[in-house]
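Peer 1: Given next are the chains, with one letter for each unit.
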Amino acid sequence: MQYSFLNLVRQGLSGHQDWPAQWRSPEPKTAYDVVVVGAGGHGLATAYYLAKEHGITNVAVLEKGWLGGGNTGRNTTIIRSNYLWEESEAIYEHALRLWETLSRELNYNVMYSPRGVMMLAHNVHDVQVFKRHVHANRLAGIDNEWLSPEEAKAFCPPLNISRQLRYPVLGGALQRRGGVARHDAVAWGYARGADRLGVDIIQNCEVTGIRRDINGAVEGVETTRGTIKAKKVGVVAAGHTSVLMAMASLRMPIESFPLQALVSEPIKPVLPCVVMSNSIHAYISQSDKGELVIGAGTDVYTSYSQTGGLHITTHTLEAIAELFPTFRRLRMMRNWGGIVDVTPDRSPIIGTTPVPGLFVNCGWGTGGFKATPGSGHVFAATIARGEPHPIAAPFSLERFVTGRLIDEAAAAAVAH
Amino acid sequence: MLLIHCPYCAMERPEIEFRHAGEAHVARAPDPSQLDDETWAEFLYFRSNPKGVHAERWRHVHGCGRFFNALRDTVSDRLLVTYKAGEVRPELPPQEHSR
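Going line by line, the protein sequences match chains A and B. Here the numbering used here is used: position 200 in the first sequence is 200, and no number is missing along the way. Here the numbering used here is used: position 97 in the second sequence is 97, and no number is missing along the way.
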């Protein structure tokens, strides 16, 4: 059913009891043209664009838990495209342009809110790095501007710009088109969109093996709900990528780390934008429910535990409390962790693998949410054509052998 | 926060005294210039990243300053055993790494 004012009125007349389910829960068929492993935002977007733009509708998205229950539901929903290198600018800006029309495209309100992302500089190095970003972005046609501490304070009134801080605010880089979106709605919107185009979304179906023929090519997957044949398999499994690729005897340049976030009790609107500080490990925005959504840095050790050390979140909260003294007395309601797949250059891996028919989209590390539409769009093209989409091509697995890294690790200093 | 047993100091100390130093037993080739690009990339970047028992290096930066190795379950984050650098990876009794 198309969501519209007319249908809202109609459903209202029957007390909102007759809204249809947003997607089916089909039994898996024995074979598909394409199997996507992982029903997070990236996987569902991949399936959606496979069906929408490439006419490949005989697609299954397999999910070991429930859709959107991994990192899609655990991130801090920040969207921006102010990356340093041209390759990164291309893919994140591609995603940002899709974000701008996504609600209309999906007929689903993803609550994209371009309220501005402000990244704070606290020392001379930060100032130089961010000004370099500003200039690089403007050359690429991406909005990014430098703010003095007073301008930063004017844009974000609760910010403390006192020179007495341990890490005083020396300025900030502001991307006005950056912002946030509702993470669950992104997964649900893509799921509904893909389902309407004929894609089967199969939840509670864990992939336990990857089947290959005598030539080594992929011929399907083993799951907890039986064998499913497919000539093309796309793995979009974030923190579990290494585990899945090991089923095809592939090692990956990835390590999985816990990344924590937390939310405060809900309060009236107080924080008008997203504020990030790489140097002191703090990311904060306010959700439409009024909760302050706070992101921390990764824990130091690899893990699949979806939890992390309390000292990591304490460190982040100390930074937040110094930047925003008014938040000191707020209580935190929830704290959780997600498992992020970190590559050596902090850039994703999108493309083909040495195994024919096996494709991978991973390595988004701590900053994958913002890329969701762009990632799914170029990965769908890569799977459909069997060769990398031009925007995805630099993000190949081979770059670790050729040495042509896209080193956002050094560029971003710490985190995404 | 993990409690980590430093095999040199012979005591359990909190995680913040240590620095994680990546996967253990990744040996650097004696003469890297003799390697082909794939083997060199494997050494530099490719890691086993297991879901289960992981052999990893830690450095006791705020203690003795020395590197040592540990086996840790990456599902429970439980440290199973720590051992000195240069020692072979210990065998675990089967029950120790069941969750």
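These aren't lab readings, by the way, just hints derived from the structure by calculation. Everything numeric in this text was worked out from a predicted model, so none of it was measured. Every residue, glycine too, gets a C-beta built ideally from N, C-alpha and C. Careful: at least some of the hints might be erroneous.
As the list claims (entries may be wrong) - One side of the interface only, derived from the structure: several residues of chain B facing chain A at Cβ under 7 angstroms:
| hint | residue |
| --- | --- |
| 1 | 28 |
| 2 | 31 |
| 3 | 35 |
Unchecked claim - Footprint (simulated), chain A over chain B, 3 or more residues, beta carbon under 8 angstroms:
| hint | stretch |
| --- | --- |
| 4 | 38–48 |
| 5 | 80–91 |
Stated by the list, open to error - Taking lysine-lysine pairs in the DSS-like style, the calculated list, with each CA pair at most 27 angstroms apart, reads:
| hint | chain 1 | residue 1 | chain 2 | residue 2 |
| --- | --- | --- | --- | --- |
| 6 | A | 153 | A | 64 |
| 7 | A | 64 | B | 84 |
| 8 | A | 64 | A | 29 |
| 9 | A | 229 | B | 84 |
| 10 | A | 64 | A | 268 |
| 11 | A | 131 | A | 268 |
Peer 1: For the hint on residue 31(B), just tell me whether its beta-carbon gets within less than 7 angstroms of chain A.
Peer 2: violated, 19 angstroms
Peer 1: Sort out whether residue 84(B) lies within 27 angstroms of residue 64(A), counting only the CA atoms.
Peer 2: violated, 39 angstroms
Peer 1: Count the residues of the stretch 80–91 of chain B with a beta-carbon closer than 8 angstroms to any beta-carbon of chain A: does the count reach three?
Peer 2: Not satisfied, violated; 0 residues make the cut.
Peer 1: Are the Cα positions of residue 131(A) and residue 268(A) separated by 27 angstroms at most?
Peer 2: Violated, at roughly 33 angstroms.
Peer 1: Would the hint linking residue 229(A) and residue 84(B) be met if the CA-CA limit is 27 angstroms?
Peer 2: Not OK: residue 229(A) and residue 84(B) at ~47 angstroms, beyond 27 angstroms, violated.
Peer 1: Check the hint pairing residue 64(A) with residue 268(A) against an upper bound of 27 angstroms on the C-alpha distance.
Peer 2: With a Cα-Cα distance of about 37 angstroms, the restraint between residue 64(A) and residue 268(A) is violated, given a limit of 27 angstroms.
Peer 1: When the nearest CB of chain A is found for residue 35(B), is that gap smaller than 7 angstroms?
Peer 2: Since chain A brings no Cβ nearer than about 11 angstroms to residue 35(B), farther than 7 angstroms, the hint is violated.
Peer 1: Holds or violated: residue 64(A) with residue 29(A), Cα cutoff 27 angstroms?
Peer 2: holds, 16 angstroms
Peer 1: So, residue 28(B) near chain A? Judge it on the closest CB pair being under 7 angstroms.
Peer 2: violated, 16 angstroms
Peer 1: For the pair we were handed, residue 153(A) and residue 64(A), check the Cα-Cα distance against 27 angstroms.
Peer 2: violated, 45 angstroms
Peer 1: Count the residues of the stretch 38–48 of chain B whose CB lies closer than 8 angstroms to any CB of chain A, then report whether that count reaches three.
Peer 2: This one holds; 8 residues, not fewer than the three required, reach chain A with a Cβ under 8 angstroms.
In terms of the numbered hints stated before, the structure departs from hints 1, 2, 3, 5, 6, 7, 9, 10, 11, listed from lowest to highest.
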